[in-house]
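Q: Each chain, letter by letter, is given below.
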Amino acid sequence: MNHLISMRDIKAGDIEQMLLLAEKIESGKVKPDISDKVCALLFYEPSTRTIFSFDTAIKRMNGKSIIMAGVESSSVKKGETFADTISTVSQYSDLIVIRSTVEGAARYASEVSEHPIVNAGDGSNQHPSQTLLDLYSIKKTQGTLENLSIALVGDLRFGRTIHSLVYGLSHFSPTFYLVAPSHLRLPSYIRHDPALKSVNFIDSPNLAEIIPNLDIMYVTRVQKERFVDAEEYEKVKNSYQITRQLIEENNPKQSLKILHPLPRVNEITTDVDETKYAYYFQQARNGLFIRQAIISKLLGAAK
Amino acid sequence: MNHLISMRDIKAGDIEQMLLLAEKIESGKVKPDISDKVCALLFYEPSTRTIFSFDTAIKRMNGKSIIMAGVESSSVKKGETFADTISTVSQYSDLIVIRSTVEGAARYASEVSEHPIVNAGDGSNQHPSQTLLDLYSIKKTQGTLENLSIALVGDLRFGRTIHSLVYGLSHFSPTFYLVAPSHLRLPSYIRHDPALKSVNFIDSPNLAEIIPNLDIMYVTRVQKERFVDAEEYEKVKNSYQITRQLIEENNPKQSLKILHPLPRVNEITTDVDETKYAYYFQQARNGLFIRQAIISKLLGAAK
Amino acid sequence: MNHLISMRDIKAGDIEQMLLLAEKIESGKVKPDISDKVCALLFYEPSTRTIFSFDTAIKRMNGKSIIMAGVESSSVKKGETFADTISTVSQYSDLIVIRSTVEGAARYASEVSEHPIVNAGDGSNQHPSQTLLDLYSIKKTQGTLENLSIALVGDLRFGRTIHSLVYGLSHFSPTFYLVAPSHLRLPSYIRHDPALKSVNFIDSPNLAEIIPNLDIMYVTRVQKERFVDAEEYEKVKNSYQITRQLIEENNPKQSLKILHPLPRVNEITTDVDETKYAYYFQQARNGLFIRQAIISKLLGAAK
Chain A
1 MNHLISMRDI KAGDIEQMLL LAEKIESGKV KPDISDKVCA LLFYEPSTRT
51 IFSFDTAIKR MNGKSIIMAG VESSSVKKGE TFADTISTVS QYSDLIVIRS
101 TVEGAARYAS EVSEHPIVNA GDGSNQHPSQ TLLDLYSIKK TQGTLENLSI
151 ALVGDLRFGR TIHSLVYGLS HFSPTFYLVA PSHLRLPSYI RHDPALKSVN
201 FIDSPNLAEI IPNLDIMYVT RVQKERFVDA EEYEKVKNSY QITRQLIEEN
251 NPKQSLKILH PLPRVNEITT DVDETKYAYY FQQARNGLFI RQAIISKLLG
301 AAK
Chain B
1 MNHLISMRDI KAGDIEQMLL LAEKIESGKV KPDISDKVCA LLFYEPSTRT
51 IFSFDTAIKR MNGKSIIMAG VESSSVKKGE TFADTISTVS QYSDLIVIRS
101 TVEGAARYAS EVSEHPIVNA GDGSNQHPSQ TLLDLYSIKK TQGTLENLSI
151 ALVGDLRFGR TIHSLVYGLS HFSPTFYLVA PSHLRLPSYI RHDPALKSVN
201 FIDSPNLAEI IPNLDIMYVT RVQKERFVDA EEYEKVKNSY QITRQLIEEN
251 NPKQSLKILH PLPRVNEITT DVDETKYAYY FQQARNGLFI RQAIISKLLG
301 AAK
Chain C
1 MNHLISMRDI KAGDIEQMLL LAEKIESGKV KPDISDKVCA LLFYEPSTRT
51 IFSFDTAIKR MNGKSIIMAG VESSSVKKGE TFADTISTVS QYSDLIVIRS
101 TVEGAARYAS EVSEHPIVNA GDGSNQHPSQ TLLDLYSIKK TQGTLENLSI
151 ALVGDLRFGR TIHSLVYGLS HFSPTFYLVA PSHLRLPSYI RHDPALKSVN
201 FIDSPNLAEI IPNLDIMYVT RVQKERFVDA EEYEKVKNSY QITRQLIEEN
251 NPKQSLKILH PLPRVNEITT DVDETKYAYY FQQARNGLFI RQAIISKLLG
301 AAK
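Protein chains in written order, with the numbering used here: chain A, 1 to 303; chain B, 1 to 303; chain C, 1 to 303.
Excised from the complex, chain A in its bound form (with noise of 0.2 Å):
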């Protein structure tokens, strides 16, 4: 591994071994020492979350960050193509963190840089370190990744996190039960990509049914501006609300977990924050041990 582009890149193997070495970051057995590497974190769409899990994880290593938020004062605003900003980035740093607006932003940072890619969202294809972030979740709080029932709520059309999750756990034979707005559901590309015929997906259940069947429940934000009509969003955007009623009163498994990429809006009621279903924040937490494995791994700073 060489780069980190997209979760299509990267085998079972690759996966299990990322998790474990995130594992031993977070337990201390093992502590990644990058003090003499710069990181290059360029935020061409800006993100304080995202920049503060990396650069957190960065510092925890004693590693040092340079950092790119937006483009106002950036070489772009002068003309200067991408290549040569990461042609030129790439002379001062050891390894760059890029988030793009542009689909392929990463995989294209890749072919002209010196030092590893980490793509860290590149419009609404990939954001395989969240994906990562999200594994480490499901098997922190399940044990295992193999045969899990996972459920997927709101908005699976644009959502990077969604597409990247189901790539990634496609190699451990999970059922996805489809929860989402009808023209918000999963393209149909994903739904029938060859490459993920061991996955067994199943289409619009009814959310309250399901519950005792599942061990993950993911929910993404619905965003009004998908929605050309008004209308429509007050109609559906209740749909998907996850209350703590919901799931108290359907049955769940005690094992449960609710997951959300975060920023929440309030698909998620705050009355869910107190039962023991909720992850979303220690989810977040987990950030810091995947980019603490992913940086140390691509640096060659994990022994």
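Source of the hints: derived by calculation from the structure; they are not laboratory data.
Among the clues, some could well be false.
Identical copies go unnamed one by one, so any copy, or any two together, can satisfy a pair.
Unchecked claim - Restricting the straight-line Cα-Cα distance to at most 27 Å, the calculated cross-link-like pairs of lysine-lysine (DSSO-like) are:
1. K276 <-> K31
2. K197 <-> K297
3. K224 <-> K77
4. K24 <-> K235
5. K77 <-> K235
6. K303 <-> K31
7. K78 <-> K235
8. K31 <-> K140
9. K297 <-> K276
10. K78 <-> K224
11. K29 <-> K197
12. K11 <-> K24
Note that the structure is predicted; figures quoted are calculated from it, not measured.
Guided by the hints, dock chains B and C onto chain A, whose structure is given.
A: Same frame as chain A, but now just chains B and C:
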């Protein structure tokens, strides 16, 4: 002390202890090390100066900072609640410094966060680290905090540093001379707060006449935008301007020091800078030692 | 040397000493350590690339940076004078790197600050660290700075890197071929500066014809916004474009190197990148060693 939210929470003994720690840090007798800590600076209302002061304090103790300046790229824009932001950032960091335009924001954050919160300003309410550095500057230059005569000059109504300072000094029997334009006077709820019964307030004295009495002259900006009537502003602005002539012609104590929380506009003329009374730049420097004291104390790193 | 403000201040001996130090830093013979220093980067005119280069240089020596990029959240907005800002920042930091749109800003800062100032660009005036890295790149590739033939191509009127370079090389008997659109020629006050009497200027040669003579071709952007007349721009822009064909068909020296301060737009076509003449990305990398040399020298940390 688990958090630093308001001067009203802090007892005289705690203040003295904090100033003593700052003194030991300044002299090099105590060298706190927080190299394994990450501090988040969440500045909803950005301020380069205050960020620099906290960031430098953290880095001089080998700590690490992650910084949000402004909300443009934050989850706030996506509709996340303040409580969720704090819960998430609290997963990444060991301490959170927060500045907000909303009164009570830091207090609320302290109820949500698992880690210490430092209030770096909440609206026109409190700014306790500024007050502690003011008290440190007073102690350092006067040898004591007890029984001092202090003129408060400028905007006493909206200036949170003024409000915090009044509470901070209230334990030490001060006399405050209140020198302000008529509609920028100290709010009545502070002026008559029973908690301030040992404070001696003297209203609207002639500034020139009281100069011989003063140990400290604390000056703040009179902001044009506080005036509904531009003519009114023009009329009063010079009445509250401190010049070298004003000081020197009015028989000041040799130990008089002029403080200002900075930035200054024209309320102290630059010819004062080279006099021995000017202390505002050293005061800014004192902020480093106080902020090191606060942070290392809250992180349990001050030995 | 207490500050780095302008190439006009720097003697030949100082230049050579600085390049030697950069060389030792690059080879690892000298490893400056500034782990107890805080450097402020004050970029009134933000530039991600230049911030990255200084920030990386600082961090590769284990130093700490505090960064202001743009004045939006600064005290400038509240009416603070530049002198007060420098006085205050000088309380927090051990060295200040400053970029401003105002000519002379860095010089003025050096008169106010207690600590070393590094000019990272003041308007269209000077950008000495860029020039030192250019000189380092020239020395590294040509083995000497003496008696070289250098084409200056593009905007010679507003390009501060061009102006600084002319002064920097003036100690070493260079020949400059000046290749520029008619109204972007080298200013007369530089062209005829008595201080440059040992410099050989050759005006407006045919670029193809002089290629065999060149040791260095230094190319800069011709910015559209410098032209009042858009048609005029369209007419000239291609006359100053460097292509692989132009170079290879005109019998260049094997040791010719093409430099560019970056970012490039289209004044060097990308097919040049893979030739042995292209040196602009390595040139950017050389900036790290020069900036380490400058900062460690000014901080007295280069042993």
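Q: Compare the structure with each hint and give your call.
A: Outcome of the hint check:
For the homomeric pair K276 and K31, neither the shortest alpha-carbon distance inside one copy (30 Å) nor that between copies (42 Å) is at most 27 Å. For the identical chains of this complex, K197 and K297 are neighbours neither inside a copy (30 Å) nor across copies (57 Å), given an alpha-carbon limit of 27 Å. Only between protomers do K224 and K77 lie at most 27 Å apart by alpha-carbon distance; the minimum there is 13 Å, versus 31 Å within a single protomer. Taking identical chains as interchangeable, the C-alpha atoms of K24 and K235 are never at most 27 Å apart, the minima being 46 Å within one chain and 63 Å between chains.
For a Cα distance limit of 27 Å, the shortest separation of K77 from K235 across copies, 23 Å, qualifies, whereas the shortest one inside one copy, 42 Å, does not. Taking CA atoms no more than 27 Å apart as the test, K303 paired with K31 passes in both settings, with 8 Å inside one copy and 26 Å between copies. For the homomeric pair K78 and K235, the shortest alpha-carbon distance between copies (21 Å) is at most 27 Å, but the shortest distance inside one copy (46 Å) is not. When the C-alpha separation of K31 and K140 is checked against a cutoff of 27 Å, the pair qualifies only within one copy, where the shortest distance is 20 Å, while the shortest distance between copies is 39 Å.
In this assembly of identical chains, K297 and K276 lie within 27 Å of each other by CA distance neither inside one copy nor across copies; the values are 33 Å within and 33 Å between. Taking the closest pair of Cα atoms, K78 and K224 come within 27 Å of each other only across two copies (11 Å); inside a single copy the shortest separation is 34 Å, beyond that limit. Taking the shortest alpha-carbon separations for K29 and K197, neither the intra-copy value of 37 Å nor the inter-copy value of 58 Å comes in at or below 27 Å. With identical chains, the CA atoms of K11 and K24 are at most 27 Å apart within one copy only, with a shortest distance of 20 Å there and 44 Å across copies.
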